[in-house]
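Visitor: Here the protein sequences line up with chains A and B, keeping their order.
Remember, my numbering sits 11 above the position in the first sequence when you count from 1.
Remember, my numbering sits 16 above the position in the second sequence when you count from 1.
FYI, nobody ran anything at the bench for these hints, they're computed from the structure.
Wrong hints could be hidden among the right ones.
Capping the alpha-carbon separation at 30 Å, the derived lysine-lysine pairs in DSSO-like fashion look like this [as the list claims (entries may be wrong)]:
(1) K53(A) with K69(B)
(2) K35(B) with K82(A)
(3) K34(B) with K109(A)
(4) K53(A) with K35(B)
(5) K38(B) with K48(A)
(6) K57(B) with K53(A)
(7) K53(A) with K56(B)
(8) K57(B) with K79(A)
(9) K67(A) with K48(A)
(10) K38(B) with K109(A)
(11) K67(A) with K69(B)
(12) K25(B) with K82(A)
(13) K79(A) with K38(B)
(14) K53(A) with K25(B)
(15) K34(B) with K53(A)
(16) K109(A) with K56(B)
Quick list of the computed label-pair ranges, beta carbon to beta carbon [as the list claims (entries may be wrong)]:
(17) Q56(A) with E100(B): 22 to 32 Å
(18) S78(B) with R62(A): 16 to 26 Å
(19) R126(B) with P93(A): 18 to 28 Å
(20) M65(A) with H93(B): 39 to 49 Å
(21) E26(A) with L70(B): 45 to 55 Å
(22) I31(A) with E60(B): 20 to 30 Å
(23) D66(A) with A96(B): 47 to 57 Å
(24) Q98(B) with A40(A): 33 to 43 Å
(25) Q56(A) with M31(B): 29 to 39 Å
(26) A90(A) with E74(B): 34 to 44 Å
This one's a predicted model, so the numbers in the text were calculated from it and none came from an experiment.
By construction, the Cβ of each residue, glycine as well, lies at the ideal position given by its N, Cα and C atoms.
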Amino acid sequence: GESVGLHLPTLSVQEGDNSIINCAYSNSASDYFIWYKQESGKGPQFIIDIRSNMDKRQGQRVTVLLNKTVKHLSLQIAATQPGDSAVYFCAENTGFQKLVFGTGTRLLVSP
Amino acid sequence: DTEVTQTPKHLVMGMTNKKSLKCEQHMGHRAMYWYKQKAKKPPELMFVYSYEKLSINESVPSRFSPECPNSSLLNLHLHALQPEDSALYLCASSQNVAANYGYTFGSGTRLTVV
Numbered sequence: 012g013e014s015v016g017l018h019l020p021t022l023s024v025q026e027g028d029n030s031i032i033n034c035a036y037s038n039s040a041s042d043y044f045i046w047y048k049q050e051s052g053k054g055p056q057f058i059i060d061i062r063s064n065m066d067k068r069q070g071q072r073v074t075v076l077l078n079k080t081v082k083h084l085s086l087q088i089a090a091t092q093p094g095d096s097a098v099y100f101c102a103e104n105t106g107f108q109k110l111v112f113g114t115g116t117r118l119l120v121s122p
Numbered sequence: 017d018t019e020v021t022q023t024p025k026h027l028v029m030g031m032t033n034k035k036s037l038k039c040e041q042h043m044g045h046r047a048m049y050w051y052k053q054k055a056k057k058p059p060e061l062m063f064v065y066s067y068e069k070l071s072i073n074e075s076v077p078s079r080f081s082p083e084c085p086n087s088s089l090l091n092l093h094l095h096a097l098q099p100e101d102s103a104l105y106l107c108a109s110s111q112n113v114a115a116n117y118g119y120t121f122g123s124g125t126r127l128t129v130v
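With the rest of the complex left out, here is chain A:
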C-alpha cells in the first residue's frame, strides 16, 4: 500500500550543527506535505509545509525541500539547538481526507 517512510530513525548532532532529516513517500498523487515536531508527552507541532508545485520553502531556521522526481522530502534545521531535540514526522495529504504520517526520526542535540 501507499506509505510514507524515513531513512534514519535516530539522528544525533552537536549544538550549532545543521541537521537534515529525510523522508521518502510513495504516493505520487500527494500534493501537500507537512513536517511536525513532537516532544515527549505532547501532540505534533506544525513546523513547515510545502505544496507539490514548489521544491523549496524556508521558514525560521528551517527549510523543506521536495524532490518529486524521486519522491523525497527533507527538513533542514540550521544551527540546531538543544530545544530542537524531539521526534520529527513528515506527513502527506493523500487527497482522500487523510493525513498520513511517516515513521518518525528522533533528533538528539548534544550541548
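Given chain A, put chain B in place with the hints provided.
Guide: Then chain B, alone, in the frame of chain A:
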C-alpha cells in the same frame, strides 16, 4: 484562538468502564479528526468528521464511538476497552477536508486501560 484543546490530559480506566474524551477548537475549522498514537509510532488516523458528519471510519472497533455535537466539539466515547487500547489519543482540526492545509493538533489524552 489557534489551539485544539483536549481533556482530560490523562485517563486511567478499567475494562468495564465507560469514559469520554473531549476535543474543542474555536478556529472555525469544519474538519476534525481522531488519531491514535502508540509509543514510538506515528499517529494513525481513526475518524474524520466533515461539517459535523462522519466521513471516514478507518475500521475502528465499535468500542470506540465518535460524536461531533457541533462544529467546535468532538468527543470519543470509550466502552469495554482492552489494555492494548492504551495509547495517546490525538484530536486535530483543519479548515475543511478539501483545503489541504492548516492541520492543528491538540496535546492529546494519555489513556491507560487496566
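Visitor: Hint by hint, note whether the structure agrees.
Guide: Evaluated hints:
With a CA separation close to 27 Å, the supplied pair K53(A) and K69(B) stays within the 30 Å bound. Only pairs whose Cα atoms come within 30 Å are accepted, and K35(B) paired with K82(A) is rejected, the gap being roughly 42 Å. For the hint pairing K34(B) with K109(A), the CA-to-CA distance comes to about 28 Å; that is within 30 Å, so the pair holds. The straight-line distance between the Cα atoms of K53(A) and K35(B) is roughly 21 Å, inside the 30 Å bound, and the hint therefore holds.
With a C-alpha separation of about 23 Å, the suggested pair K38(B) and K48(A) falls inside the 30 Å cut-off, and the hint holds. Between K57(B) and K53(A) the alpha-carbon distance is near 14 Å, which keeps this suggested pair within the 30 Å criterion. Restraint check for K53(A) and K56(B): the C-alpha separation of about 13 Å stays at or below 30 Å, so the hint holds. For the proposed pair K57(B) and K79(A), the alpha carbon gap of about 26 Å is at most 30 Å, so the pair holds.
About 19 Å separates the Cα atoms of K67(A) and K48(A), which keeps this hinted pair within 30 Å; it holds. Between K38(B) and K109(A) the alpha-carbon distance is near 21 Å, which keeps this suggested pair within the 30 Å criterion. The hinted pair formed by K67(A) and K69(B) fails the criterion: a straight-line CA distance of about 36 Å is larger than 30 Å. Restraint check for K25(B) and K82(A): the C-alpha separation of about 37 Å exceeds 30 Å, so the hint is violated.
Distance hint between K79(A) and K38(B) is unfulfilled; the C-alpha atoms sit about 38 Å from each other, more than 30 Å. Between the alpha carbons of K53(A) and K25(B) the distance comes to roughly 10 Å, so the proposed pair stays at or under 30 Å and holds. As the CA atoms of K34(B) and K53(A) are separated by approximately 25 Å, the hinted pair is consistent with the 30 Å bound. The straight-line distance between the Cα atoms of K109(A) and K56(B) is roughly 21 Å, inside the 30 Å bound, and the hint therefore holds.
For Q56(A) and E100(B), the Cβ-Cβ distance of about 27 Å falls inside the hinted range of 22 to 32 Å, so the restraint holds. Between S78(B) and R62(A) the beta carbons are some 37 Å apart, a value that contradicts the proposed interval 16 to 26 Å. The beta-carbon spacing between R126(B) and P93(A), approximately 25 Å, falls within the hinted interval of 18 to 28 Å. The hint said 39 to 49 Å for the Cβ distance between M65(A) and H93(B), and at roughly 41 Å that hint holds.
Roughly 46 Å separates the CB atoms of E26(A) and L70(B), a value that falls within the hinted 45 to 55 Å. Under the hint 20 to 30 Å, the C-beta atoms of I31(A) and E60(B), about 26 Å apart, fit the expected range. Hint check: D66(A) to A96(B), Cβ distance near 49 Å, so the stated range 47 to 57 Å holds. Take Q98(B) and A40(A): their Cβ atoms lie about 35 Å apart, and the range 33 to 43 Å holds.
For the pair Q56(A) and M31(B), the supplied restraint of 29 to 39 Å holds, since their beta-carbon distance comes to about 33 Å. Take A90(A) and E74(B): their Cβ atoms lie about 39 Å apart, and the range 34 to 44 Å holds.
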